[in-house]
Amino acid sequence: MATITANPPRVGLPGLLKHRAVHKLLLLALAAAILVPLANARWASGTWPSALTVDFSEPLAKASDWIIDNRDSHPLFLYFFGHVSNVVVIAVRAVYLTLLAVGWAGVTALGALVAWRVAGVKLALGTAAAFLACGLLGMWVPTMQTLALMVVAVLASVVVGVLLGLAAGLSDRMDRVLRPVLDTMQVLPAFAYLLPVVLVFGIGVPAAVLATVVYAAPPMARLTSLGLRGADKEVLEAVESLGSTARQRLLTARIPLARKELLLGLNQTIMMALSMAVIAAVIGAGGLGDRVYQALASVDVGAALAAGIPIVLLAVVLDRVTCAAGEKLGAEPEPHSGRGWLLALAGVVAVAVAGRLAGRLDWPDSWVVAIAEPVNRAVDWMTAHLYSGVPVIGGTADWAGHFTTWVLDPMRDGLQALPWWAVLLIVAALAWVIGTWRTALTAVLAMAAIGVLGVWKPSLDTLSQVLAAVAVTLVVGFAVGIAAARSDRLERALRPVLDVFQTMPQFVYLIPVVALFGVGRAPAVAAAIVYALPAVVRITTQGLRQVDPAALESSSSLGATSWQQLKQVQLPLARPALLLAVNQGLVLVLAVVVIGGLVGGGALGYDVVFGLAQGDLATGLVAGGAIVCLGLMLDRVTQPTERRAKKGA
Amino acid sequence: MRFRTSAAVAAVSSLALLTGCGAADMTKQASPFANAQGAKTVTLSVQSWVGAQSNVAVAQYLLEHELGYRVDTVQVDEVPAWDALSQGRVDALLEDWGHPEQEQRYVKDKKTIAPGGELGVTGHIGWFVPTYFAKKHPDITNWKNLNKYADQFRTPESGSKGQLMDGSPSYVTNDKALVKNLKLDYQVVFAGSEAAQITQMRQFAKEKKPFLTYWYSPQWLFKKVPMTEVKLPPYKEGCDADPEKVACAYPHTPLQKYLNADFAKKGGKAAAFLRKFKWTTEDQNEVSLMIADKKMTPEDAAKKWVDSHESTWKKWLS
Numbered sequence: 001m002a003t004i005t006a007n008p009p010r011v012g013l014p015g016l017l018k019h020r021a022v023h024k025l026l027l028l029a030l031a032a033a034i035l036v037p038l039a040n041a042r043w044a045s046g047t048w049p050s051a052l053t054v055d056f057s058e059p060l061a062k063a064s065d066w067i068i069d070n071r072d073s074h075p076l077f078l079y080f081f082g083h084v085s086n087v088v089v090i091a092v093r094a095v096y097l098t099l100l101a102v103g104w105a106g107v108t109a110l111g112a113l114v115a116w117r118v119a120g121v122k123l124a125l126g127t128a129a130a131f132l133a134c135g136l137l138g139m140w141v142p143t144m145q146t147l148a149l150m151v152v153a154v155l156a157s158v159v160v161g162v163l164l165g166l167a168a169g170l171s172d173r174m175d176r177v178l179r180p181v182l183d184t185m186q187v188l189p190a191f192a193y194l195l196p197v198v199l200v201f202g203i204g205v206p207a208a209v210l211a212t213v214v215y216a217a218p219p220m221a222r223l224t225s226l227g228l229r230g231a232d233k234e235v236l237e238a239v240e241s242l243g244s245t246a247r248q249r250l251l252t253a254r255i256p257l258a259r260k261e262l263l264l265g266l267n268q269t270i271m272m273a274l275s276m277a278v279i280a281a282v283i284g285a286g287g288l289g290d291r292v293y294q295a296l297a298s299v300d301v302g303a304a305l306a307a308g309i310p311i312v313l314l315a316v317v318l319d320r321v322t323c324a325a326g327e328k329l330g331a332e333p334e335p336h337s338g339r340g341w342l343l344a345l346a347g348v349v350a351v352a353v354a355g356r357l358a359g360r361l362d363w364p365d366s367w368v369v370a371i372a373e374p375v376n377r378a379v380d381w382m383t384a385h386l387y388s389g390v391p392v393i394g395g396t397a398d399w400a401g402h403f404t405t406w407v408l409d410p411m412r413d414g415l416q417a418l419p420w421w422a423v424l425l426i427v428a429a430l431a432w433v434i435g436t437w438r439t440a441l442t443a444v445l446a447m448a449a450i451g452v453l454g455v456w457k458p459s460l461d462t463l464s465q466v467l468a469a470v471a472v473t474l475v476v477g478f479a480v481g482i483a484a485a486r487s488d489r490l491e492r493a494l495r496p497v498l499d500v501f502q503t504m505p506q507f508v509y510l511i512p513v514v515a516l517f518g519v520g521r522a523p524a525v526a527a528a529i530v531y532a533l534p535a536v537v538r539i540t541t542q543g544l545r546q547v548d549p550a551a552l553e554s555s556s557s558l559g560a561t562s563w564q565q566l567k568q569v570q571l572p573l574a575r576p577a578l579l580l581a582v583n584q585g586l587v588l589v590l591a592v593v594v595i596g597g598l599v600g601g602g603a604l605g606y607d608v609v610f611g612l613a614q615g616d617l618a619t620g621l622v623a624g625g626a627i628v629c630l631g632l633m634l635d636r637v638t639q640p641t642e643r644r645a646k647k648g649a
Numbered sequence: 001m002r003f004r005t006s007a008a009v010a011a012v013s014s015l016a017l018l019t020g021c022g023a024a025d026m027t028k029q030a031s032p033f034a035n036a037q038g039a040k041t042v043t044l045s046v047q048s049w050v051g052a053q054s055n056v057a058v059a060q061y062l063l064e065h066e067l068g069y070r071v072d073t074v075q076v077d078e079v080p081a082w083d084a085l086s087q088g089r090v091d092a093l094l095e096d097w098g099h100p101e102q103e104q105r106y107v108k109d110k111k112t113i114a115p116g117g118e119l120g121v122t123g124h125i126g127w128f129v130p131t132y133f134a135k136k137h138p139d140i141t142n143w144k145n146l147n148k149y150a151d152q153f154r155t156p157e158s159g160s161k162g163q164l165m166d167g168s169p170s171y172v173t174n175d176k177a178l179v180k181n182l183k184l185d186y187q188v189v190f191a192g193s194e195a196a197q198i199t200q201m202r203q204f205a206k207e208k209k210p211f212l213t214y215w216y217s218p219q220w221l222f223k224k225v226p227m228t229e230v231k232l233p234p235y236k237e238g239c240d241a242d243p244e245k246v247a248c249a250y251p252h253t254p255l256q257k258y259l260n261a262d263f264a265k266k267g268g269k270a271a272a273f274l275r276k277f278k279w280t281t282e283d284q285n286e287v288s289l290m291i292a293d294k295k296m297t298p299e300d301a302a303k304k305w306v307d308s309h310e311s312t313w314k315k316w317l318s
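Protein sequences appear in the order of chains Z and A. Going by full-length UniProt numbering, the residue at position 30 of the first sequence is 30; the numbering climbs one at a time, nothing skipped. Going by full-length UniProt numbering, the residue at position 167 of the second sequence is 167; the numbering climbs one at a time, nothing skipped.
It is possible that part of the hints are untrue.
With a straight-line Cα cutoff of 27 Å, these simulated DSS-like cross-link-like pairs (lysine-lysine) come out [said to hold, decoys possible]: (1) A:K236 with A:K108; (2) Z:K457 with A:K183; (3) Z:K62 with A:K111; (4) Z:K457 with A:K161; (5) A:K176 with Z:K457.
Since the hints were derived computationally from the structure, they do not count as laboratory data. Here the structure is a predicted model, which is why all the values come from computation and not from measurement.
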């Protein structure tokens with residue numbers, strides 16, 4: 001019986017889809033037949049015609065000069081941006097000084113006791129261990145700096161996110177206005193934000209916090225709005241019948257009903273803010289990110305790792321604690337919860353005072369374990385033995401060379417050799433087949449914008465690297481994901497590994513990647529794969545595991561082998577999840593294009609780094625804008641419309 | 001609408017209240033991490049190369065151990081560092097390779113940055129090949145013979161041409177123009193960061209492979225990978241004025257220090273010390289080699305140098 005329920009979508013849907021797709025393609029071909037000769041006659045050129053570009057470098061350079069010349073005197077800065085900047089500095093400083101005053105013992109106790117109250121004993125022990133590890137690695141002060149930055153950035157993101165979410169959740173018009181804005185904010189690579197904020201605020205903490213807010217607020221806004229809209233209609237009606245005002249309804253019914261989504265939003269915001277806190281080191285935010293970045297300068301992987309581990313630990317602890325808090329929400333409140341909190345607070349105060357009396361506020365220097373040296377030795381050994389001369393399979397340098405010559409070069413040259421209108425047509429066809437004419441239009445406009453910006457060639461170079469990286473990521477990610485979905489043991493073993501790769505700052509693995517693959521586009525692709533792989537593995541595993549067990553059971557009762565089961569039942573049913581994995585793979589790979597620029601990836605990534613390093617806004621902003629357009633285009637091309645509404649997190 | 005305007009007014013006025021009423025001064029924006037726990041803090045900017053790290057490490061060590069300051073370091077490239085200096089986010093930049101535009105804007109026009117004197121080290125940029133390769137082919141050291149060896153310098157990244165490896169985007173470079181104007185059969189490949197470039201050079205050297213690279217002195221790597229400079233057409237004053245038409249070598253630049261103008265006036269002993277800080281290329285390389293090759297922490301390396309060069313740094317404190 002169950003096979004019947006599994007069958008119709010498999011046979012019916014693709015048939016229907018094909019039919020509609022053919023229609024769309026025919027229409028597109030017709031449009032092309034009319035437009036292409038026209039375009040070709042007017043601008044006969046292979047790459048984007050220069051007549052259709054707009055040079056932004058002059059106005060951008062002027063704008064940048066204007067800001068620098070007026071920053072100390074113009075009222076806009078004196079009475080607005082200056083105050084924003086000061087508030088951020090004061091807030092971060094207040095949190096930082098508080099953390100220092102509480103001392104390392106107090107902070108550890110505070111973290112552990114909050115974790116205990118929210119999530120239980122096991123996570124409390126984990127939290128304490130994580131904080132102590134930060135100290136042992138000799139990173140106590142930078143960890144506190146990062147924590148101070150995070151507290152302020154997360155608070156600000158939550159406030160901004162909730163306000164936007166309320167607006168979108170309560171008014172349909174605001175929702176329509178905000179949705180594309182939030183969409184765009186989510187596909188923007190983080191580096192694109194850095195340049196404009198640096199221009200206004202200069203380098204340092206205020207710019208870092210504001211860039212983080214732009215990056216981390218959208219999930220909060222989305223989930224707030226989702227929670228408000230998802231509130232149970234019957235409950236709302238009941239509250240309304242009691243004669244409450246709109247504001248009372250919001251405060252007593254809608255917001256409490258949405259708290260699960262709100263908490264999930266907080267979790268997402270924290271994770272995104274933390275990943276940004278590291279990137280923000282590039283604009284002088286200090287803290288752990290800066291230590292990682294400084295270690296890069298002396299080619300010291302061990303030192304970078306010592307600063308990277310605390311970031312991973314912070315991320316894992318914060319993720320687990322907020323998740324546990326979310327799971328506990330539905331449960332009955334414990335009888336003595338008030339007393340428990342009081343006890344926890346008293347414990348923290350006691351530890352902090354004891355630390356202060358003992359004169360042990362700073363982490364003692366002698367309690368530092370130096371991991372840098374053994375790590376460096378291990379990396380050296382690895383690269384010395386793998387780089388070249390490995391019998392039969394060849395060294396990693398040979399692989400990188402072959403990958404560049406046989407995959408990257410043909411892809412880049414092929415894309416760049418395509419006439420510009422052909423690229424637009426391919427984009428339109430892909431986006432239209434998978435989505436609606438609206439998504440197709442957005443995708444084509446985004447691609448055309450790249451041409452107008454005058455960076456057509458480097459953008460196609462970047463695109464070829466992104467596509468190659470995504471292809472490898474998907475092949476490996478699907479394979480590992482399928483394996484993990486079939487074995488609980490493997491999934492459990494993979495979890496911490498995926499955690500580490502997802503949260504480890506990308507700067508840490510730049511050196512090993514270069515040491516293995518040399519300088520060029522191959523290491524850039526490798527770095528992108530490392531970054532995007534965990535998400536793809538996770539989504540694949542989850543998608544496969546959510547396949548209805550009944551369908552699986554019935555197919556195995558019909559005597560299907562496990563391979564047949566996978567191919568004919570699990571994979572087709574998990575299709576939406578696999579598509580989401582493709583989409584996330586693309587977005588994540590694109591997010592590290594700039595990191596690729598640091599190891600010889602060239603193209604747009606290099607231009608963004610160049611813009612930041614030379615204070616050259618024209619180059620940097622245009623390249624950043626092109627990355628944004630590539631992101632929008634790729635997102636639209638891979639994201640079916642029906643799932644768009646559910647993109648929530 | 002009324003609600004929104006009143007909210008905006010409330011937000012702006014609370015901003016003003018929080019930070020003290022009136023105008024905010026964008027030129028006095030110290031780092032929030034400075035001067036914590038009652039200690040006086042000096043914030044130094046570090047650039048991405050190891051030489052700059054060495055300057056900062058030694059200055060930091062002496063400021064902390066001899067003068068009782070607390071030192072914060074922030075990694076910023078030179079050009080953004082000028083901006084940060086003018087805003088007061090960092091107090092000093094210890095190694096500047098010459099940025100006439102920034103000097104005009106901040107030192108002469110706006111007077112928010114004060115010159116801090118010479119570092120004592122002279123910098124030079126050039127093209128280099130590993131010495132093991134130059135010994136085998138002595139004529140490589142003249143640019144006129146570069147094309148003869150182009151295919152030996154080929155990599156997958158440079159395709160059919162020879163590879164000229166450039167480094168970080170923050171460096172001063174005319175290499176693209178040079179390759180074009182000197183009609184060289186080479187492709188400039190940007191490593192994207194000094195770390196990537198050094199890692200690649202060491203990998204090449206380990207296998208004794210030939211390579212051609214943009215590089216600069218003073219640099220500790222010369223001790224690990226001996227390199228020989230390739231002579232370019234000689235530098236003459238002004239021959240690099242038009243970035244499109246450059247066809248000459250890079251100049252020798254005495255490296256400069258710069259201080260935030262306010263800090264220079266009110267920075268007390270720290271500012272006086274940083275102005276007097278002046279050492280030689282050998283001194284800098286000694287510290288750099290300890291940091292980058294022996295992987296000592298910058299602090300340990302600085303301590304080791306300070307312990308053995310008392311006569312040099314005593315002068316900076318007087």
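Evaluation of the provided hints:
1. A:K236 with A:K108: Holds, at roughly 26 Å.
2. Z:K457 with A:K183: Satisfied, since the Cα-Cα distance of roughly 23 Å is no more than 27 Å.
3. Z:K62 with A:K111: The hint holds at about 21 Å.
4. Z:K457 with A:K161: Measuring from Cα to Cα gives roughly 20 Å; hence the hint holds.
5. A:K176 with Z:K457: holds (17 Å)
Checked against the numbered hints listed earlier, the structure breaks none of them; every hint is satisfied.
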